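From first to last, the protein sequence lines stand for chains A and B. Residues are numbered in the numbering used here as their position in the first sequence, beginning at 1, plus a constant of 337. Residues are numbered in the numbering used here as their position in the second sequence, beginning at 1, plus a constant of 265.
Don't read these hints as lab results, they were simulated from the structure. One should not assume that every hint holds.
[Claimed, not checked] Output of the computed footprint for chain A on chain B, the stretches with three or more beta carbons under 8 Å from beta carbons of chain A:
id	stretch
1	418-429
2	442-452
3	482-490
4	493-501
5	571-580
Bear in mind the structure is a predicted one, so any value in this text is a computation, not a measurement. All residues carry an ideal CB built from backbone N, CA and C; glycine is no exception.
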Amino acid sequence: MFHIFKKAAQTRLVTIGYPQEPARIPGHFRGAPRFEFSGWRDARPAADACPTGAIAIEKSAERRRVTIDYGLCIYCGQCAEADRSGAVKITRDFELAVRERGDLITIAEYLLEPDGMQKTLASLHKGLPSENDLLEPLEHKVQERIHKILGRSLAIREVDAGSCNGCEIEIGALNNPVYDLERLGIHFVASPRHADMLLVTGPVTRNMELALAKTYRATPEPKLVVAVGACGISGGIFGRNYATVGGVDTVVPVDVFIPGCPPRPHALLHGILLALGRMEQRVTKGHSASSEPFR
Amino acid sequence: MTLPSLLSALQFDEVRQRCGIVFVEWRVANDAEIHAEVAIDDVRPMVAALIEYGCRLAAVFAEDRSNADSGFLIYYVFESLRDQRFLLVRTSIPLNSPAFPSVAAEVPAVNWQEREIQDWFGLVAEGHPNPRRVALHDNWPEIHPLRKDFPIDTVLPPFEGEQHVYRPTLGEGVFQIPVGPVHAGIIEPGHFNFAVAGEPILYLQLRMFYTHKGIEKRFEQLPINRAVYLAESISGDSSFSHGTAFCQAIERAAGVEIPTRAKRMRTVLLELERLYNHVGDIGAIATDVGFGVANAHASRLRELILSVNEELSGSRLLRGVVCPGGVRHDWEPQQVEYCAEALGRFEWEFADLMQIIDGSDSTRDRLERTGFLDPQKARDLGIVGVAGRASGIDRDLRRDHPYAAYDEVPFEVPVYQEGDVLRRMRVRVDETLLSLWIIREMLTKLIPGPHCVAIPPLPPDCVAIGAVEGWRGEILHWIRTGSHGRLERCKIKDPSLNNWPALVEAVQGNIVPDFPVINKSFNLSYSGTDR
């Protein structure tokens, strides 16, 4: 007993101040890549290097269409290494959670030189229009109502619908003294019947499809669903195949998407609080809007 | 067994001469592998003879070679304490009778692996004592996804019928507790069906493969440099070990020796992975017996290691670091310094943590003799890694088949005979201290030099094995290269696949409330098993 008290006194407070205080992120953390679209001369090396197809190119006669999808990205940094022009930079951005899947996607169209290099940026679409845009005013009202009911105290049921366990490691870390989710009035519960939010990781496998749908049905209204990680958003590196159906939103409606592979605990906090209306979305239409690139 | 006595014992070549089995082929492929072939009728006597001579059947897997007009091949991977090499014996299956002789009755360790071959390739394991499906659930249609003529993007119709038929639970006062696949904690999915009589567990039936995502098939789609990332996603807590095993197989296939600095850097990272998992597990075991304050400190220490991971690699789980040929980025002196300093702090804090845990008699009372895995059963089931070493199995790939820079740090493998939760925790404690020593040795030896070499494009049909002692146990990757820089086949064997049957044995006779702590003491990977 003496050792326990001695250790507690010695240790003092270890809990971080985020989100009230800015996050302290180590210098070598690999966050979101940032693209200098206007000066980008050649997207092919980066697209070739991308393990998941988060950077995809389509070529037509004299045009090249480059699609960047943060929802597929596993933040490996290969694109920045492959692209020697400096148009792709790795940043330390981690607050990447969004409410609309389309907000994670940017499409750039280029006119090409005869040698295949990109001449000029013809158009840039940040974010994809979604059918929900029409419903926006109504949805806002519903959201506000949900935030009022759930905003102060939230019970989360975590569902692993087929992940590699990487996301679970980081979600589990939210319970440790460093991130201590309970200080924000949020805690994990054992049953979906006690939950206000499902935190779901993917890719959703064929064998977990039914279990996920049943878990969703067992959760009382109003409820929120947050899809975690590249696989939970899009199927990630596994993609869709005979054994998986892809992202969580193919099975249940999703309120917030948290990119990452896995998302670091700060990013998870941001996404959960975003779903509650207690934090703001930082990625606006396909472009992350926070700190400066560091390399 | 210590290193000198290993060297004086029998090697595979001597076993071959004495065992009286006719091998169609016997070829030393490289310094880590012997490739051999036997006729299909000789498989059973061959396996029996090699086991008689103290070899261990580490893996059984199949390959569809119909594209090369060779039908199917079955591979038997043997490991011996007496030989640093792996012996891979293959046999071809005649096209007109798609079946192979099962050895599961004699070697229970390959029970699931043979059934996987049945499910994935549609080859019959003749004489298998329990030939039911394992890797595909009962409600799946009759498909064989790893056959070459099965397209990976096939969309299967909605499933109907029972997922799995469990052995009935019968008897007065005997009832069943079904749990999962969605569990109460933040863990992976699987189904446990307990048959209990009051509190004690009579038996446990497992249903795994809920997270099966077609990884082995997916490996055949990706170019090799991208496939590394898939390897890192086989089991989230073993990203670096799986990535390294995969890269080792590629390097061996290419005949490339990685630079000394890369070897040492990999060793550091492999041990960091062991550290954060071991200290996390020690805390989790404490939690499961209601000792929350110990877990609070343990998870704090785990965070410390994760911050070192991030400082050295950019990723808390060590993703995106390893690459074929070495490691992707070199370390600057400040990074190494940060690591050394953090580990110095970790060491004394870990001593404090263990003082807290060891000072609690009630904790010891809950852990001792709980979840006993009999050493004989452990040997029969081919249990590997931490769970094996707690039940008397003196094996560790780092010592027995050194890779990376482990040949520079000979060490004593911690082994216990008692096989309970306490000893599985003790193995982790001993290995944590060992890891700290290994990392410190590596950091002092980290002389400047290249951190990566280029791997030449691989021609088709290069085969090689990569083996890593992950924190959980033996990880094997076997590859065959294909055309256009892709793989023809990648076989993955995670230690969890060996060890689930051990959990079934260990829980018998224990009370239901002790299941969480017994399960945690094994801490097996569902994703690594299911792939």
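Evaluation of the provided hints:
For the stretch 418-429 of chain B, the stated coverage by chain A is satisfied: 6 residues place a CB nearer than 8 Å to a CB of that chain, which reaches the threshold of 3. Judged by the Cβ-Cβ criterion of 8 Å, the stretch 442-452 of chain B is covered by chain A as claimed, because 6 of its residues qualify and three suffice. Check on the stretch 482-490 of chain B: 4 of its residues sit with their Cβ under 8 Å from a Cβ of chain A, so the three-residue criterion for coverage holds. With 7 residues bearing a CB less than 8 Å from a CB of chain A, the stretch 493-501 of chain B meets the requirement of three and the coverage assertion stands.
For the stretch 571-580 of chain B, the proposed coverage by chain A is satisfied: 8 residues have a C-beta within less than 8 Å of a C-beta in that chain, meeting the threshold of three.
In summary, the structure agrees with every hint in the numbered list given earlier.
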